[in-house]
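Assemble the complex: chain A is given as a structure, and chain B must be docked to it using the hints.
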Amino acid sequence: MLGRTLREVSTALKQGHITPTELCQKCLSLIKKTKFLNAYITVSEEVALKQAEESEKRYKKGHSLGDLDGIPVAVKDNFSTSSIETTCASNMLKGYVPPYNATVVQKLLDKGAVLMGKTNLDEFAMGSGSTDGVFGPVKNPWSYSKQYREKRKQKAHGENEDSNWLITGGSSGGSAAAVAAFTCFAALGSDTGGSTRNPAAHCGVVGFKPSYGLVSRHGLIPLVNSMDVPGILTRCVDDAAIVLGMLAGHDPKDSTTIQDPVKPFTLPTSADVNKLCIGIPKEYLAPELSSEVRSFWSKAANLFESEGAKVIEVSLPHTSYSIVCYHVLCTSEVASNMARFDGLEYGHRCDINVSTEAMYAATRREGFNDVVRGRILSGNFFLLKENYENYFIKAQKVRRLIANDFVNVFNSGVDVLLTPTTLSEAVPYLEFIKEDNRTRSAQDDIFTQAVNMAGLPAVSVPVALSNQGLPIGLQFIGRAFCDQQLLKIAKWFEKQVQFPVIQLQELMDDCSSDFEIEKLSSVSLKQ
Amino acid sequence: MAALMLRWSCLGKRWVLACIDGGSRHGRGAAIGLTSRRKRGQSSVAQQPLIAVQKSRKGEHEWAAVVGLEIHAQISSNSKLFSGSQVHFAAPPNSLVSFFDASLPGTLPVLNRRCVEAAVMTGLALNCRINKKSLFDRKHYFYADLPAGYQITQQRLPIAVNGSLAYSVSVGKKPSQVSTRTVRIKQIQLEQDSGKSLHDEPRSQTLIDLNRAGVGLLEVVLEPDMSCGEEAASAVRELQLILQALGTSQANMAEGQLRVDANISVHHPGEPLGVRTEVKNLNSARFLAKAIDFEIKRQIHELENGRKILNETRSFDDKLGCTMPMRDKEGKQDYRFMPEPNLPPLLLYDTASLPPGADPQQVINIDWIRERLPELPGKTREKLIQQYGMLPEHSFTLLNEVGLLEFFQNVIKETRAEPKKVTSWVLNIFLGFLKQQNLAVNESPVTPSALAELLNLLDRKAISSSAARQVFEELWQSKGKTPSQIVSEKKLELMQDQEALERVCHTVMEGHPQVGVEGRRKAMHFSAC
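Those sequence lines, one after another, are chains A and B.
UniProt numbering numbers the first residue of the first sequence as 1 and each following residue consecutively.
UniProt numbering numbers the first residue of the second sequence as 1 and each following residue consecutively.
With the rest of the complex left out, here is chain A (with noise of 0.2 Å):
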């Protein structure tokens, strides 16, 4: 029953198959086994139960609250949950209990979905790992699966097992990681410079950008306030939808949010696209970019060619500038967002309190990671006044190039942009941090970053395994509030690629006939 999508999972609900409350307890103990995963810091195992429970009451009296009433989400613990421990990752906010509900929780709640808990992050979404957190790093599930493992015996010289796990991606790797582990069927990431696709093409699960503006903003911690949107993170496109069509619309909370009404996103069974125009854009082919994946992507260029669709190379000349525009934009506003964490009103407060100045040096010193004041103190330099000018306004300008670039292609009749999501499948862990954070982030975002320079939306969505047995993820970027139009493409896709079932049952020996049933869901799936 795990294994399902959320569409049947959601469906057994309604036939009751399965009620709320056995759902919410398979998930809780599916969470409890795979906790070394570090994929939760917080497990609302409580609220969880409570919410499976008054679901339940209203499958009982006929009054669902649609498809998501009685499933388990998990969400990124970067969004504020009245009552619930809300700590980014961080020192600074640990013990931070909100007093209310972001916007896109809320809206969960409101369709009666159940609340597994917080999913682990990189500290104050900084970073592509989900490793640079306060409470230590998300391990993937796929170091765990069947698939992996087979590979690496083949290949095994000797190697500690256990010390080659490896990482999620990020930041929000907790939610991919929870996802793809079957502990819920949707989870919210946040996705600042790819921090939701990126660790979905790792976990091989659907990751999902809305557009900018499309989702509320409104209760989530900020990284970069002119990029952030809430990402949704699911098994399968048609599920990401779903949630899309839970979340969207104007929120009197959010300013930046579009004041049209949002119909829903229901994607066809079957779609056609022989009319479409893909663009495959010739300065993503990075010379990192892995010869594997780049196969995968060329794979799936013939893919669509295939079936009539036209595809053609496109330019977007700015490209190579994101990375170094967006750490600009990106400090400077984490600059100024982290101003408000001086130990008065909430978070961590330290002992010192010679002096006001003293205090707010010394909480703030305690309560970031290197990672978070290192942003700070660049973001500040780039404000100085001297500074403003030759820095921020530059790089006002070139994000403004790079959003052109997009509707310069876009303009010219292409439909939606065929891209790789990362440069190669998931490394280990101790690979990972051989380099640093910085230079990380750097590296990861290449593919995804510039669209939230340019507020798209975008979806990676998972393709094959690679010769190592991980997932791969391809992404695809559409133009701005044509959320649906893209949707509709990426599940067209998911269904062409049928991306294999991850295989954990080596790691849960007592969950065996929950899988047994998402064997036959993988079935149905492919009906």
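Honestly, the hints are just simulated from the structure, not real lab data.
All values reported here derive from a predicted model rather than from experimental measurement.
Keep in mind that the hints are not guaranteed to be accurate.
Pairs of lysine-lysine residues, derived as PhoX-like cross-links and limited to a Cα-Cα distance of at most 20 Å, are as follows [claimed, not checked]:
hint, chain 1, residue 1, chain 2, residue 2
1, A, 385, B, 196
2, B, 308, B, 186
3, A, 26, A, 61
4, A, 310, A, 299
5, B, 196, B, 139
6, A, 385, B, 139
Then chain B, alone, in the frame of chain A:
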């Protein structure tokens, strides 16, 4: 034509400055006005030492002072600029604080329509150009009563620019000599107020009250077109009246709804402007004038003694009557301005640019607001002068006292007495009594109706002027009695019976032949009233 005399004493010396009307202040930005030229004969004795000092320094006789103002007016609105918390003065500490006001992570600003309308109204009333597109910025600094670590303001593109404010100052010795001046308004910007820090020194604690944090402010920036404390105070007073007439701010300085920072520098006319200092948080018109005049004299004194003026922030000590450097404002602040990413550009429309089918709740039409602007004080004074033949200075006094105009108008409505008579009674006797007892108009024991009735009695010669004064005093003492009751109780009616009056006169004169001559004059006076 020397304008006003200001006195200041410091360091054992006495300085006197005269604020001289430039006469031909043509063009904008003419910053002449304050000089220390002396005119013998009209100066008081106290001016003597100054002349001595100045004569000893050839070629440095003239100093011109340049004064610009930044005025923060709290917007009169039900809720704060970016949050739904209520706005109230003197509410229990931290009782009006939303999650946004406390800067809880993840909260976002939502612009209050009323505050935008107040800014547009104020801009229009001050002859500004309203920017159809304006932007919000973050201004960063760490302070305990600024929870977010930044203030949202409008640094780059404010809501209104390029306006002007006409105000009047008395010139010459008589109060009737009023001169009208104009100060340019650089811009009006919308911004957030901060909270309040209360320093508990004995316990070395700082207590924070966030009730005020996030209240909407209009920052009105006046160009340095003023040259002395009196001018600045008069400009601020006029602005205050305009804001109150518009209802955009209660503009009560004592309650901190109107706060003034003054930028002051001195230079020799014809030479570049001097280094300026900023005097912060002036919370009464009187202190504003005092602080500016002190600062001008201090700067002149410093320069004349070969010292330099530092570009610094100073505060005014109202007890000592002098300005001092602010310790916590030492060093240059870099506010690291940045665009506020959570607020899209603020777009305003006029009737021509209004998008068709726009939701009236979502758009602000400048023309619509312009058509509904209330009467401004300048116009009110003009009408008073025309309608009642009032002297200009009387129209100023009527408007300057809170509630006095309304009182006057209520009296006028109910009395047959001549407007000039009413003006004279309201401004001389009524206001005199108020001042003497330090009362506000709304605390007056005499109602407009009572004064109107009294003036009616006077008008139809039922009582004499001196009796009317007596009745007024009675009215002031004993509430609840009408003037007619007092007149009849005290038997103050004038005798109208010619024969009876003659009989009285004869009796008196016969009884007191020695004072007959004087008595006749008094009797004549009686009957003539």
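Status of the hints after comparison with the structure:
Taking the CA atoms of residue 385 of chain A and residue 196 of chain B, the gap is about 28 Å. The hint is violated against a cut of 20 Å. Among the hinted pairs, residue 308 of chain B with residue 186 of chain B is inconsistent with the structure: their alpha-carbon atoms are about 28 Å apart, more than 20 Å. Our distance criterion of 20 Å between C-alpha atoms is broken by residue 26 of chain A and residue 61 of chain A, whose separation comes to about 23 Å. Taking the CA atoms of residue 310 of chain A and residue 299 of chain A, the gap is near 14 Å; set against the 20 Å cutoff, the hint holds.
Between the alpha carbons of residue 196 of chain B and residue 139 of chain B the distance comes to roughly 18 Å, so the proposed pair stays at or under 20 Å and holds. Taking the CA atoms of residue 385 of chain A and residue 139 of chain B, the gap is near 12 Å; set against the 20 Å cutoff, the hint holds.
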